[in-house]
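There are 2 protein chains.
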Amino acid sequence: MAVQTVASTTNSTVDLGPAAALSCRECGHRVPLGPVFACEECFGPLEIAYDFSAYDTEKLRASIEAGPANIWRYAPLLPVPADVAGKPNLNPGWTKLVKADNLAAELGVTGGLFVKDDSGNPTHSFKDRVVAQALEAARAFGFTTLSCSSTGNLAGAVGAAAARAGFRSCVFIPHDLEQGKVVMAAVYGGELVGIEGNYDDVNRFCSELIGDPAGEGWGFVNVNLRPYYAEGSKTLAYEICEQLGWRLPDQLVVPIASGSQLTKIDKGLQELIKLGLVEDRPYKIFGAQAEGCSPVSTAYKAGHDVVRPQKPDTIAKSLAIGNPADGPYVLDIARRTGGAVEDVTDAEIVDAIKLLARTEGIFAETAGGVTVGVTRKLIESGALDPAKTTVVLNTGDGLKTLDAVAGTGLTATIRPNLDSFRKAGLA
Amino acid sequence: MAVQTVASTTNSTVDLGPAAALSCRECGHRVPLGPVFACEECFGPLEIAYDFSAYDTEKLRASIEAGPANIWRYAPLLPVPADVAGKPNLNPGWTKLVKADNLAAELGVTGGLFVKDDSGNPTHSFKDRVVAQALEAARAFGFTTLSCSSTGNLAGAVGAAAARAGFRSCVFIPHDLEQGKVVMAAVYGGELVGIEGNYDDVNRFCSELIGDPAGEGWGFVNVNLRPYYAEGSKTLAYEICEQLGWRLPDQLVVPIASGSQLTKIDKGLQELIKLGLVEDRPYKIFGAQAEGCSPVSTAYKAGHDVVRPQKPDTIAKSLAIGNPADGPYVLDIARRTGGAVEDVTDAEIVDAIKLLARTEGIFAETAGGVTVGVTRKLIESGALDPAKTTVVLNTGDGLKTLDAVAGTGLTATIRPNLDSFRKAGLA
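Residue numbers (full-length UniProt numbering), protein chains in the order written: chain A, 1 to 427; chain B, 1 to 427.
No lab work stands behind these hints, which were simulated from the structure alone.
It cannot be assumed that every hint is accurate.
Which copy? The list can't say, so a pair holds if one copy fits it or any two copies do.
As the list claims (entries may be wrong) - Using 30 Å as the maximum straight-line C-alpha spacing, the simulated DSSO-like pairs for lysine-lysine come out as follows:
| hint | residue 1 | residue 2 |
| --- | --- | --- |
| 1 | LYS99 | LYS87 |
| 2 | LYS59 | LYS87 |
| 3 | LYS388 | LYS87 |
| 4 | LYS301 | LYS87 |
| 5 | LYS274 | LYS99 |
Use the sequences and the hints to build the structure in full.
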């Protein structure tokens with residue numbers, strides 16, 4: 001019912017650039033662009049269908065290279081109006097692709113190892129990329145409130161984007177979150193509503209609100225704006241290839257929460273191939289999970305096509321989705337490209353965070369520990385070829401998950417004199 | 001003695017690009033490039049003297065514009081070798097200059113208000129800019145350990161830069177710092193030494209260590225490498241002008257800790273004028289302090305040329321230097337350019353952090369609250385002209401000073417149903 005109510009606001013004159021329609025990933029049924037997310041025929045997920053037919057490869061490449069140092073250099077490939085760069089938003093993206101030679105040496109990678117470091121985004125996670133798309137859709141559909149359910153990174157990204165764009169924001173979180181996360185979400189001045197219940201209760205309430213008149217005018221970035229929102233992850237694929245000199249990497253290691261990011265990175269790579277911006281050659285996508293929330297890697301290893309839900313118990317909270325909506329698509333992509341899905345323990349996550357920090361000076365959040373840890377494990381098992389170009393994603397910032405490395409501290413304590421210094425063996 | 005010991009390692013074949021010599025800011029005495037920081041004649045501070053004579057304005061502009069999206073686009077104007085961009089470092093800079101129209105509307109600024117947001121640097125403060133210069137000097141002088149005294153931002157910046165560059169690092173901090181800051185400094189894997197004493201004790205010990213054989217091979221970024229280190233702040237001036245379309249802003253609001261950053265921003269602007277990269281017209285530089293550590297604004301308001309030390313007591317800990325080395329130079333620049341120095345209370349700092357967050361989606365550390373708060377105060381007093389182009393610096397990230405806004409929290413708590421939602425007045 002929620003779907004149909006909102007679908008009635010669909011407007012065929014909406015200008016979201018090359019976005020032509022919404023198309024069901026399962027049955028292909030097409031509907032006009034609107035704030036809907038599930039197919040009215042089969043309840044499959046809707047995603048954006050584009051019209052890229054008018055593009056000339058070399059003109060497109062030149063326009064991208066002359067574009068701004070943020071995701072809007074790819075505006076012609078995103079569901080946003082052509083003048084998006086002039087609208088108030090956080091201008092995320094064009095984060096560093098760090099050539100990680102020290103880490104490569106430790107892991108025995110000889111073919112070139114890169115870290116795509118999305119901690120450089122405005123609110124220090126990849127969520128700024130997806131929220132920026134949802135914001136443009138919200139503008140196009142005339143919403144005045146930006147909303148989401150969140151336990152962390154997304155809350156800050158929505159609060160910040162809404163503040164800058166002049167939207168009201170109303171973010172829903174479990175009422176008993178850590179104080180640090182609450183402060184980060186509250187500082188932007190929007191409504192921050194604690195729900196007496198767990199994250200599942202928060203999600204269920206948000207779905208109820210969308211179907212109610214009280215939710216009219218509300219754009220939930222990860223619910224009724226999800227088809228637009230999700231496309232933001234394509235920009236990771238675009239940037240990686242452009243930063244490699246318009247070249248596909250051989251191997252990518254991508255974290256899995258809902259699985260949406262991995263599927264959209266694959267979609268982005270396929271688009272670059274079809275547009276002629278990169279040479280069409282094989283690439284492998286590897287998915288990374290925490291052992292304490294590994295529904296997709298469990299299914300992968302068992303050879304299953306369906307993903308059995310799990311109850312999360314891991315320090316990698318930003319990846320702790322026990323019932324990942326895009327899990328089956330992730331399995332398909334990992335198998336089709338010759339990749340794999342692997343998981344690491346919480347202890348391995350902490351080790352990997354420290355490994356990345358001490359080799360490259362990058363302080364990753366726990367999700368970055370998951371991808372680096374899985375990369376190491378995949379090299380050891382032989383699944384990942386160390387002689388090939390490999391890109392590992394870090395999607396967030398260690399400052400947001402300090403507790404994970406709280407055991408790290410002083411290596412020595414001395415009195416303020418040289419004698420004490422020498423006795424500590426530091427000279 | 002420390003100075004002379006280290007000066008003996010000076011090498012005239014050192015390649016630090018356009019850096020020609022060290023020159024005393026007080027008496028003009030010149031010495032060859034080396035790890036020295038105080039004049040042997042008058043104990044005045046040494047700074048870099050450049051040879052820019054061979055530069056053609058338009059060729060230089062073109063080379064900068066074609067350069068990388070980091071500080072190394074300005075390598076021809078910095079004390080670094082020409083091939084610096086290929087060496088392992090954190091590649092900081094080229095952070096966003098955000099056109100802050102919402103904040104401008106709140107403050108009544110009509111001439112264009114911009115926030116230079118250095119929270120986008122790799123370790124989320126402007127310190128990455130200065131440490132990157134010190135690192136190149138350390139390489140040039142053959143040091144193998146990178147070191148500093150710090151209470152926060154600098155510790156992380158040095159630890160991260162050393163990790164990436166393959167240097168040993170040894171950072172000295174007071175032993176009783178907050179656990180969060182300790183974790184952030186320790187995660188990069190270098191030596192992190194707690195000193196039983198306060199920050200003054202840490203500083204005094206570091207000076208002692210430099211003069212001792214135990215400190216041989218150690219580059220203290222903010223002591224014996226300080227002349228190189230300090231030049232990193234010039235890149236803020238370069239970026240602001242280039243991002244404004246090679247134009248000087250009319251007014252800049254800059255935080256004051258030691259005062260080094262403000263003096264180097266002025267130096268950078270003067271260089272751009274002399275090189276013909278911007279039109280020579282007046283600009284005003286305003287200095288911003290916290291009332292709880294306001295030695296420079298106190299001297300400014302009293303009409304003094306000397307700065308009387310204070311004992312800091314403010315939440316703006318990154319600016320809490322009670323005896324700022326460059327205080328007299330700051331007074332001179334503020335007066336010469338027609339600017340001013342002003343201070344704000346801790347409560348005004350917190351208000352300003354929240355104001356910036358809710359208007360522009362930028363979560364600043366306390367130092368950013370100081371500059372935004374001072375900007376507001378200067379407009380109210382008429383010292384700052386709201387009809388002119390104004391750039392306000394945010395030099396750090398709110399995630400590092402969460403305590404300052406710890407009172408911020410949930411705006412409502414509800415049960416997960418629509419009835420409870422309506423009763424809370426959120427519909």
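So, going through the hints one by one against the coordinates:
For a Cα distance limit of 30 Å, the shortest separation of LYS99 from LYS87 across copies, 11 Å, qualifies, whereas the shortest one inside one copy, 33 Å, does not. Taking the closest pair of Cα atoms, LYS59 and LYS87 come within 30 Å of each other only inside a single copy of the chain (24 Å); across copies the shortest separation is 33 Å, beyond that limit. Proximity of LYS388 to LYS87 under the C-alpha cut-off of 30 Å is restricted to the inter-copy arrangement: shortest distance 23 Å between copies versus 40 Å within a copy. For the homomeric pair LYS301 and LYS87, neither the shortest alpha-carbon distance inside one copy (46 Å) nor that between copies (41 Å) is at most 30 Å.
Only within a single protomer do LYS274 and LYS99 lie at most 30 Å apart by alpha-carbon distance; the minimum there is 27 Å, versus 37 Å between protomers.
When held up to the earlier numbered hints, the structure conflicts with hint 4 and nothing else.
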